[in-house]
Amino acid sequence: MSDRRRFLTTSAAALTAMSYARVRGANDRVGLGFIGYGLMGKGHVATFRKLPDVSPVALAEVHKGRLAEGRAAMGGEPTGYAEFRKLLDDKRVDAVVIATPDHWHTLMAMLACAAGKDVYLEKPMTLFVREGRWLIEAAGKHKRVVQVGTQQRSGKHYRRARDLIREGHIGRVVSVRMSSARNVLPGFGSPPDGDPPGDLDWDAWLGPGPGRKYNPNRGLYHFRWFWDSAGGQMTNLGAHHLDIVDWVLGLDTLKSVTSVGGRFALTDNGETPDTQDALFAFDRWTAAYAMRECSAGAKPAYGLEFFGTKGVLGISRSGFAITPDADLLPASQIPGAKDGHPVGGPKAAPAEPRPPRTTAIVDRSGDSAEQYLEHARNFLDCIRTRKTPVSDVESGHRVATACHLANLSLRLGRSLNWDAKRETIPGNVEAAQHLVRPYRAPWDKELKALGVSDL
1 MSDRRRFLTT SAAALTAMSY ARVRGANDRV GLGFIGYGLM GKGHVATFRK
51 LPDVSPVALA EVHKGRLAEG RAAMGGEPTG YAEFRKLLDD KRVDAVVIAT
101 PDHWHTLMAM LACAAGKDVY LEKPMTLFVR EGRWLIEAAG KHKRVVQVGT
151 QQRSGKHYRR ARDLIREGHI GRVVSVRMSS ARNVLPGFGS PPDGDPPGDL
201 DWDAWLGPGP GRKYNPNRGL YHFRWFWDSA GGQMTNLGAH HLDIVDWVLG
251 LDTLKSVTSV GGRFALTDNG ETPDTQDALF AFDRWTAAYA MRECSAGAKP
301 AYGLEFFGTK GVLGISRSGF AITPDADLLP ASQIPGAKDG HPVGGPKAAP
351 AEPRPPRTTA IVDRSGDSAE QYLEHARNFL DCIRTRKTPV SDVESGHRVA
401 TACHLANLSL RLGRSLNWDA KRETIPGNVE AAQHLVRPYR APWDKELKAL
451 GVSDL
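The working numbering applies: residue 1 is where the sequence shown begins, and numbers increase by one.
Derived from the structure by calculation, the hints contain no laboratory data.
It cannot be assumed that every hint is accurate.
To be verified - Computed Cβ-Cβ distance ranges for the label pairs, DEER-style:
| id | residue 1 | residue 2 | range |
| --- | --- | --- | --- |
| 1 | Arg166 | Leu279 | 23 to 33 Å |
| 2 | Thr309 | Lys86 | 51 to 61 Å |
| 3 | Asp444 | Glu167 | 45 to 55 Å |
| 4 | Arg160 | Thr309 | 16 to 26 Å |
| 5 | Phe264 | Ala326 | 36 to 46 Å |
Note that the Cβ used here is the ideal one computed from N, Cα and C, for glycine as well.
Go ahead and model the full structure; you've got the sequences and the hints to work with.
Here you go:
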């Protein structure tokens, strides 16, 4: 065992006991360290500060301006770190909230687990499929609570909708439809590569990702449009829909994925698609996702719909509605036909309404801000009880995997079969090679020190 690996293992054992002892009392505050203060990091600071049993003690950020802004927003006198590993060494930190670009998510979370910290990790949990298994093993080895930031699971109306579907209120679900639409035309431009701003540590920002010259569109929020750092809107917006599908139906029987699309309309240097359609095949049902970044018109009332044999449930962050199907027609009648068949065939259906197959329900109780707050509350409660959080590391892996396979199908231009048990793409060596990516030095050594060998 290497010195670095031995240090991580020994430190984790000691810190696990220490951090648990500090937060075991119901009246104790949880010392939180935040890593990343961008759009989501800013929101997480505001959310966690609303909870009485939280003490924001530290912030790590590679952008000096954001580090200063974030420390001011946290209140008190939190310590600021330019290097996140120093935050992980801070004994006041019981748990971390990670809101960085996607390419940093898994490695930071694994290092946090090894340092004895519980983790609230923004979605998507991973940048590529294999990272999910690495993080699952790290969380289990170090007995860490990991909550993925798919906060819709903490919405009361989402839970009610899930229970209604599981109880059979809309019958057997045979199809799921998901969609998200925005219009960001004409795009974000194509600025030239250049020197990074003086207040940004670009090498630290790149971290384990490939070495790239600085480009304004690769940094800060627009990183999402580049494959090195993210998976486009599939792993951003699509992940939220797929997470609820996993919560309700389970993604563990995924058999194949087909996706098409491209960057058809946006005129910039981004790489991920502005238009994408994906079809996910399961044992006895299918799910389809449609994403548009260049046309926001004619949005469906709900971005997520479950089609059952008794009715349809459509849901968003503000509420849900169940629309019943009409009762079955007699076998001798044809729905939607004015005239019947010739002699001996079915007759036209009568015009009078048929009874509904289930009860219509409308729920407008959804509150997006409350969902974030309840998700944070669930994380803190699980730190104390050591129970599994509502968005655990296993579900985060399933959701991210489905997203990554859709993107891989699009990029390779072919359908992909999936062996969920073995977590591989059978019969396709080329595609299977994309399930893992190399880490840039010196972060590859950090990964090996954590016990990862299947690079």
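Could you work out which earlier hints the structure fails to respect and list their numbers in ascending sequence?
-> none
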